[in-house]
Amino acid sequence: MSEQKKNTEEKIAYIFNNPNKSVAELAQYFGISRQAVDLIIKKNKVLYEQRLTVKKQVDDKLAKDISTYIEMNPGVAISGILENASDKKLSRSTLFRIAEKYGIEIKSTAKVDDAVVNQMISYMEKHPEKTHQEIADLFHLSASYLGRLIKEYEMPYNLKRKRKVYIDSTELDEWVRKHPEMTYQELANSFNTSKENVIQVIKKNDIPYIPKGNNDKVGIDIEDLRKFIGENPDLSVKKIGEQYGVSEATIKKRIKKYNIPYQMKRNTWKL
1 MSEQKKNTEE KIAYIFNNPN KSVAELAQYF GISRQAVDLI IKKNKVLYEQ RLTVKKQVDD
61 KLAKDISTYI EMNPGVAISG ILENASDKKL SRSTLFRIAE KYGIEIKSTA KVDDAVVNQM
121 ISYMEKHPEK THQEIADLFH LSASYLGRLI KEYEMPYNLK RKRKVYIDST ELDEWVRKHP
181 EMTYQELANS FNTSKENVIQ VIKKNDIPYI PKGNNDKVGI DIEDLRKFIG ENPDLSVKKI
241 GEQYGVSEAT IKKRIKKYNI PYQMKRNTWK L
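In my numbering, the protein residues as written are 1 to 271.
Read the hints as simulated data drawn from the structure, not as lab findings. By construction, the Cβ of each residue, glycine as well, lies at the ideal position given by its N, Cα and C atoms. Any given hint might turn out to be false.
Ranges of calculated distance between the beta carbons of each label pair, as one might list FRET restraints [claimed, not checked]:
#1 Asp234 <-> Glu105: 45 to 53 Å
#2 Ile12 <-> Val58: 18 to 26 Å
#3 Lys126 <-> Lys45: 45 to 53 Å
#4 Ser2 <-> Met124: 51 to 59 Å
#5 Val58 <-> Ala115: 33 to 41 Å
Required output: the full structure, derived from the provided sequences and hints.
So, in structure tokens, the structure goes:
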């Protein structure tokens, strides 16, 4: 048996004997990336099914804890649910994922007065780089409620492109199988990330998904495209298209229409 194969089998055994350890914890223990751990799990049917079973058990318990806490504390704010509903640390994204999966109704009862509104406006002016979700988290509000406040009070906020965040491929695979009707954008919204990030994870991990037709067509942020091309001048049009989940023709049209500086590779076409 080769040393590499032996090393892999030892990792498989450790993962199997520690089903409650997260991918992040396993990656730290092995000294490898989370994507590498994901790949090990996905390639081993026993491990993959075990992780799904454990995840369902954890989600079932979490859903019960959240439901019970809301029933015992009607009208509780989201911040209260995050802090007290579970004996484990509960993130906002996990809360809303569980709520959607198990049909739990969550209402944002947090109210803001003029003083808080002024604080929010001041914070946005001082920190224009902060994302919508970061601001919502800071003021213990739901993202949708913050959106209404921004519109109502004409707050100085400019929509940012969602940052590329890590997605657990096993979790995305499970979600896609349960929601095959979802578009790329809807999947991205479910994981609080960008559409491009979802596309890359699906392609990289061979997750079975049939892209939706024109209903999934969304516009490209031109300034974001301009910045991306400027930072990656050596990428081909095809690679840029893959980054944004669109065809080469679409990228070429955007470059030409908005006069984006770009030197075409291999002289495939001219502006």
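Structure-based check of all given hints:
| no. | hint | result |
| --- | --- | --- |
| 1 | Asp234 <-> Glu105: 45 to 53 Å | 50 Å, holds |
| 2 | Ile12 <-> Val58: 18 to 26 Å | 21 Å, holds |
| 3 | Lys126 <-> Lys45: 45 to 53 Å | 52 Å, holds |
| 4 | Ser2 <-> Met124: 51 to 59 Å | 56 Å, holds |
| 5 | Val58 <-> Ala115: 33 to 41 Å | 40 Å, holds |
In summary, this structure violates none of the numbered hints.
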